[in-house]
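Enquirer: Each chain is listed here by its residues.
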Amino acid sequence: MELDFSPVIESWRFLLGGLGLTLALSVMTMLCSLVLGGAVGLARCYGPAWLRWPLVFYIDSMRAIPVLVVLVWSYFALPIVTGFVLPPFWAALVALSAHIAAYVAEIVRAGIGSIRPGQSRAAFALGMSRVQTIRQIILPQALVRMLPAFGSILSVTIKDTAIAAVIAVPEYMNRSQTLAGESFRPIEVFMVAMVVYFVVLFPVTRGVDMVYARLAHLGRS
Amino acid sequence: MNLDWSVVWRNAGALVDGTELTVALAVLTMLIAVPGGIVLALMRLSGSRLLTGASASFVELFRNLPLILVIYTAYYVMPIAIGVAFSPFVTGLVALSLNVSAYNGETFRAGIGSIRKGQSEAAFALGMSRWQAMREVVLPQAARRVLPVLASTWVSLFKDTSLVSVIAVGELAYTAMRIRSQTFRVLEMLTAMAAIYWALGYPQAKLVDWLHRRLGVSE
Amino acid sequence: MSDGHRQPISAPPVLVYRGVRKLFGDFVALSDVSMEVRKEQVVCLIGPSGSGKSTLLRCTNGLELIDGGEIRLDGEALPRDWNGMRRVRQRMGMVFQNFELFPHKTVLGNVTAGPMTVLRMRRKDAEARAMALLDKVGLADKTHSYPAALSGGQQQRVAIARALAMEPTVMLFDEPTSALDPETIGEVLNVMKRLAEEGMTMIVVTHEMTFARRVADWVVVFERGTVIEQGPPEQIFDAPLVARTREFLSHLGWAG
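Protein chains in written order, with our numbering: chain F, 1 to 221; chain A, 1 to 219; chain W, 1 to 256.
For reference, chain F alone in the conformation it holds in the complex:
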């Protein structure tokens, strides 16, 4: 089996563009998911009772439906419903954010729930209001505890962007497929792809572990 990496090397700019899009999509998805998921998680914990049911339904539904299905539906079916076509990148952003926000909401809920009730009681005893307690006592501790889970969500997000290749988003996976088809050298192209993804993902998980190790004592009560 002779390997010929020249098609890959020659198209490095093409691939790099794909990688840039992968990272852009990942970061934007992460931001949207954090905002949306954070809101949903907080609403679940502190919101009115009637809101809980639809939120839980949303969260559990996203746990049940594969990412591929959400992506495909957002790109092909949503335009029919809304009459409004989203370009692939934005369809992917919407789909991935909606999907991952559900996981973020669960992490937020678990993080807040892990803080001992004694902490709130101590804060109330000092005369703090509910909002002050949540903002100054509960959330800071909970956020530290949520860090490792957020790290793994970031890792999952980057991996899920590769699935967006299926709806023609020209990120790295998609471009690798294109190149593999044109150059007839799929093995070389995908081997490089594996290295690229590994190099991107490995530091993410390790980095989060390290940050958490430094900050963990802040969340221990």
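Please note that the accuracy of each hint is not assured.
A few chain A residues facing chain W, derived, Cβ under 10 Å [as the list claims (entries may be wrong)]:
hint, residue
1, R10
2, G118
3, L126
4, M128
5, E136
6, Q141
7, R144
8, H212
9, R213
10, R214
Read the hints as simulated data drawn from the structure, not as lab findings. For each residue, glycine too, the CB sits at the ideal point set by N, CA and C.
Fit chains A and W to the known structure of chain F by using the hints.
Expert: For chains A and W alone, coordinates are given in the frame of chain F:
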């Protein structure tokens, strides 16, 4: 927007077949990946630097690669590396098994590692060998801890089977999208696909929650 | 105990420690420890926390391997490899400070675990042996309970029965009562006392000075990994030769 939902009922048979393949894929993968995970965990916990390194490398590799990439790579590499042309089903099965084994390896390692050292020491003090201590004392206790995580992994696996549709394995996602292409009933078929996954996945997710509650870690 | 039970000096020692040395990284846990344990003797190891008493016990049954010196059991040096120690461990029983009962097995299951798994005894025989031992420690009515349902003192007595089920020649006790409520300490010490009366060779790491004074035939005082004094209990407790021993005992409020 004119919708024709009858396309779903007319193709119900094919959708059921697709669902069966999804389930078969998931079950077979777990049958391979659970023993696979145990082996990886025991390798990692063995004293041998070689085994530990091999296991850790395997786990790190597959946890840091998108599954869809693994599937594509398996599809192109396997025929050349092994010389035999496998069916897409087998290729998909291999990719899924490698991926899930890696996750299970971590799960079992954490589960086994969470058992207090004193428990194995008490077993050793009675004269048990490392393997006897593992079998009689550590693994039975670790199983309780590991079960909820394995259940979560199963739910993820069930969803991940949809990815092998990209190499034309006729599971549920592929079948639904094929019907969509043939009938041009995009919204109906894609919604039906989502609904079927939802109907299958929702109870599974609830079961996992129940398991987490029942077998919650208590020292 | 200390008067009726002393062995004549001519009886051969069961365990001999000569110049035993153990390191954990840079930390010297044991340095030049020498002592002897004779048949049917009760030897108590006392001393401040971290002085090496438990480490010596764990080196005796191979849970730790020594870095220097030697330990001889019935005249033969202990194997230096982990697997070789397995056979030796079958001749010694160990009771841990936090009991370490197997939570997923019943009381009966705990006591039969050793004989069935290691000695390959048949279930019926193992259970018969277990029942007799549980009866001896006063827990015959708890055979089908799980450890979580038992008090600390009860769990420790089960742990003693579990160790005895292997019919060891030496019993090692690592601070057996340190994790117990004061009310339950007595029931465990009574079992240990009876065991001593029946002639079991015992090495006991303990802070229970009254027990040591009354039951031990020989007391070894540790400090920072070395033996600072050893002798019969009358010497150690009533008329210690070394000032540090006196300081340690008075620290504990030992009034004699």
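Enquirer: Now tell me, hint by hint, if it's right for this structure.
Expert: Hints and how they fare:
1. R10: Hint on R10 (chain A): violated, closest Cβ of chain W at ~53 Å, above 10 Å.
2. G118: This interface hint holds because 5 Å falls under the 10 Å limit.
3. L126: holds, 4 Å
4. M128: Status holds, d = 6 Å.
5. E136: Constraint on E136 (chain A) satisfied, holds at 5 Å.
6. Q141: It holds, given that the least Cβ distance between Q141 (chain A) and chain W is near 5 Å, below 10 Å.
7. R144: Result: holds, 8 Å to nearest chain W Cβ.
8. H212: violated, 19 Å
9. R213: Where the cut-off is 10 Å and the nearest Cβ of chain W is about 19 Å from R213 (chain A), the hint is violated.
10. R214: At about 15 Å, which exceeds the 10 Å cut-off, the nearest Cβ of chain W leaves the hint on R214 (chain A) violated.
When the structure is compared with the earlier hints, violations turn up for hints 1, 8, 9 and 10 and for no others.
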